[in-house]
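With the hints as your guide, set chain Z onto chain F.
Which chain is which? The protein sequence lines are F and Z, in order. In terms of numbering that gives the first Met the number 0, the first sequence opens at residue 0 and continues consecutively. In terms of numbering that gives the first Met the number 0, the second sequence opens at residue 0 and continues consecutively.
Because the hints were derived from the structure by calculation, they are not lab data. It cannot be assumed that every hint is accurate.
Same chains, same label: a pair holds when it works inside one copy or across any pair of copies.
Said to hold, decoys possible - In silico DSS-like pairs for lysine-lysine, Cα to Cα no more than 27 Å straight-line:
no., residue 1, residue 2
1, Lys345, Lys327
2, Lys248, Lys123
3, Lys277, Lys6
4, Lys248, Lys314
5, Lys248, Lys345
6, Lys8, Lys277
7, Lys345, Lys295
8, Lys365, Lys380
Number of protein chains: 2
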Amino acid sequence: MLDNLDKFKCLKRGPSGAINIDPLQRGGVLTPEAREAILEWADGYSVCDFCTGSLESIDSPPIREFVQDVLPEFLETDQVRITHGAREGIFAAMHALCERGETVVADGNAHYTTLLAAELAGLKVEPVPAGQEPHYRVDPQGYEEAIERARGKGEVVGMAVLTYPDGNYGNLVDPRTVSEICRREGVPLIINGAYSVGRMAVGAKSLGADVIIGSGHKSMASSGPIGVIGTSDELAAMIFRRSQLVPHKELEMLGCTLRGAGILTMMASFPAVVERTKLWDEEVEKARWFAGEMGKLGMDLQGDRPHGHDLMFFKSEILYEISKTAKKGRYFLYRELKKRKIFGIKPGLTRQFKLSSYLLPRDDLKMVLSAFEEIVSHHPKA
Amino acid sequence: MLDNLDKFKCLKRGPSGAINIDPLQRGGVLTPEAREAILEWADGYSVCDFCTGSLESIDSPPIREFVQDVLPEFLETDQVRITHGAREGIFAAMHALCERGETVVADGNAHYTTLLAAELAGLKVEPVPAGQEPHYRVDPQGYEEAIERARGKGEVVGMAVLTYPDGNYGNLVDPRTVSEICRREGVPLIINGAYSVGRMAVGAKSLGADVIIGSGHKSMASSGPIGVIGTSDELAAMIFRRSQLVPHKELEMLGCTLRGAGILTMMASFPAVVERTKLWDEEVEKARWFAGEMGKLGMDLQGDRPHGHDLMFFKSEILYEISKTAKKGRYFLYRELKKRKIFGIKPGLTRQFKLSSYLLPRDDLKMVLSAFEEIVSHHPKA
Chain F
0 MLDNLDKFKC
10 LKRGPSGAIN
20 IDPLQRGGVL
30 TPEAREAILE
40 WADGYSVCDF
50 CTGSLESIDS
60 PPIREFVQDV
70 LPEFLETDQV
80 RITHGAREGI
90 FAAMHALCER
100 GETVVADGNA
110 HYTTLLAAEL
120 AGLKVEPVPA
130 GQEPHYRVDP
140 QGYEEAIERA
150 RGKGEVVGMA
160 VLTYPDGNYG
170 NLVDPRTVSE
180 ICRREGVPLI
190 INGAYSVGRM
200 AVGAKSLGAD
210 VIIGSGHKSM
220 ASSGPIGVIG
230 TSDELAAMIF
240 RRSQLVPHKE
250 LEMLGCTLRG
260 AGILTMMASF
270 PAVVERTKLW
280 DEEVEKARWF
290 AGEMGKLGMD
300 LQGDRPHGHD
310 LMFFKSEILY
320 EISKTAKKGR
330 YFLYRELKKR
340 KIFGIKPGLT
350 RQFKLSSYLL
360 PRDDLKMVLS
370 AFEEIVSHHP
380 KA
Chain Z
0 MLDNLDKFKC
10 LKRGPSGAIN
20 IDPLQRGGVL
30 TPEAREAILE
40 WADGYSVCDF
50 CTGSLESIDS
60 PPIREFVQDV
70 LPEFLETDQV
80 RITHGAREGI
90 FAAMHALCER
100 GETVVADGNA
110 HYTTLLAAEL
120 AGLKVEPVPA
130 GQEPHYRVDP
140 QGYEEAIERA
150 RGKGEVVGMA
160 VLTYPDGNYG
170 NLVDPRTVSE
180 ICRREGVPLI
190 INGAYSVGRM
200 AVGAKSLGAD
210 VIIGSGHKSM
220 ASSGPIGVIG
230 TSDELAAMIF
240 RRSQLVPHKE
250 LEMLGCTLRG
260 AGILTMMASF
270 PAVVERTKLW
280 DEEVEKARWF
290 AGEMGKLGMD
300 LQGDRPHGHD
310 LMFFKSEILY
320 EISKTAKKGR
330 YFLYRELKKR
340 KIFGIKPGLT
350 RQFKLSSYLL
360 PRDDLKMVLS
370 AFEEIVSHHP
380 KA
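Excised from the complex, chain F in its bound form:
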């Protein structure tokens, strides 16, 4: 096995000039500055040359200023740390703020990693159920009911999580209402902004979050895995508490997290990321236009109407009907799109699929629409 390793060298990602509509990918495409940064800082532990004890205190490159001054302003928090990603930030907050055996209340559309983080921290999860199709809405008042439900079972509610927006439908639950409920009930609210921080102008204060989580690779044009966690001084004293055995190191971070190039890509992209959040309304408008056109072709947008995010979930009985008799069966859609250099809809899906229009020029989106139109018109229905 160890004699035949050349296959692991020179692997290519995909054809150039392709259009990628995968929601996982759109917000993580590097800026030209970040592409320069990643090559410059690619080697191993490259940011640690001038470390004096912690990642966030490195002056050269200016990680200290970025993490201690700039990101807190951006996230409207007192303190920020860099994490390995959104899920790792959520785990750190849950593990630090909750006692084992307590319960976390989370929206029914939460990313699966919210459940994993809770389980790994020894916590139970009380869901705020999402409604039926086509909207799959989470009612913010549901947080009050879920907290009461859990307490009615004798459980201690240690935290609430709101996924803003969720990663399935791109739904945006009113965070202020959730926040007011949580404040009234004395439950800290953590907002998972993996699909908002770096896309939308959001911050902990305006959302009413006690802890805000972001994802570098999902929405901050950074090379993954990387994320951010921001919080108040009060909660920071617990989440970022120092170790008792190694007193100058932060326990929950295991000392340091992003000891490599990823943090430099986040920094290099950051000026552009700040600018792009100011153009969010245009992205929403574009997504609505795209969804409208898709609707005319028989693909029905699910989730919020009007839609408020580039992440879109479609259902399509037409494509499903075609797949029943098409060559390659349910893989026909993936193949047909691939032929046209369009990627990002998971192989095998036809009846329902997700995509994102984020930062794609309208001309590219028109090519995507033409592709769907062609595919539908050229294939006989079952």
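Then chain Z, alone, in the frame of chain F:
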């Protein structure tokens, strides 16, 4: 603050043509193949396009084959997972295999992150003390005494950790003796090979480890942070157990870890990494030669004699004496080396410092030796 962000773009790492002797950096320098890979796979979540549920099952790029077939052979284990780094792997193993309140026995030269991982997992640490200078040796028999000592206090010993080699002195404790003691005492042994896996031909079976940990950015020519954890099927069933709430995801990994370019750099470098482990004896010989020459200049190698690793810790009364009256005081050594484009000894250190000769040509090391010789001869002692 958010108006003046251009400083975060176009940051440079250091002058070209410099010699870097930082032990953190030597084993993490990317191969040319890995430099190609990082640019190709730099964007966000770039490896997740063809994911069917977990990082380790991705066929394109061939992560499945690399993690499920190749790495287990390399590490002599049944199963391997990719982690965010050595410390995160150690935490996962401790958290999964030990109950809160138990005790971990660890060598006195262990990296500080071993203590953090134990503390974060709710465990106590019973050290196997290192001896006095100049050798700082950890006696493998000390593991038996430490286990007995802990048990004498009524503690349950859940795990033993051996750092092989340690990151301060590059000392190599006989792992087979430690392993036999642990087996006899019924304590699983985890070997932290952050400075051996990828440098030396080591594997769990030959070392006698139940769990083996490696670091991509320290010793596998990978862009950090990234690491590996390997173990038997028996322990894998616990460390890599599935979530109860999300049954197809591994709990301790929070689903997936290295969802980005780092894993592709590890794969691209791997053929060269396998080859370089075969040349380890030459690296040791070179380190011994270098340490001998340093000795002639008044810098005394600490740790194992004969030395068995490229990581070297020196003490130098001469440089310390010079620093007392030198311009820039204790920063003079850093400045003098920097003038000669030699980096990697921490600013401010003179009386004792670490460096590594790993993969440096002898000509570069001769330039380092000349630099020290010049610095000593040109400066008056206090």
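*Tell me, please, which holds for Lys248 and Lys123 at an alpha-carbon limit of 27 Å: within, between, both or neither?*
between (29 Å within a copy, 17 Å between copies)
*Should Lys345 paired with Lys327 be assigned to within, between, both, or neither, using CA atoms and 27 Å as the limit?*
The answer is within: 14 Å in one copy meets 27 Å, while 60 Å across copies does not.
_With identical chains, the pair Lys248 and Lys345 could be close in the same copy or across copies; at 27 Å between alpha carbons, which is it: within, between, both, or neither?_
between (42 Å within a copy, 19 Å between copies)
*Given a CA cutoff of 27 Å, do Lys8 and Lys277 count as a within-copy pair, a between-copy pair, both, or neither?*
between (40 Å within a copy, 20 Å between copies)
*Given identical chains, is Lys365 near Lys380, meaning Cα to Cα at most 27 Å, within a copy, between copies, both, or neither?*
within (24 Å within a copy, 75 Å between copies)
*asked:* As a check of your reading, is Lys345 near Lys295 (CA-CA no more than 27 Å) within one copy, between copies, both or neither?
replied: Within. Shortest intra-copy distance 22 Å satisfies the 27 Å Cα cut-off; inter-copy 64 Å does not.
_When Cα atoms must be at most 27 Å apart, do Lys248 and Lys314 count as within-copy, between-copy, both, or neither?_
between (49 Å within a copy, 26 Å between copies)
_Cα distance capped at 27 Å. Does Lys277 pair with Lys6 within a copy, between copies, both, or neither?_
between (44 Å within a copy, 20 Å between copies)
Of the numbered hints listed earlier, not one is contradicted by the structure.
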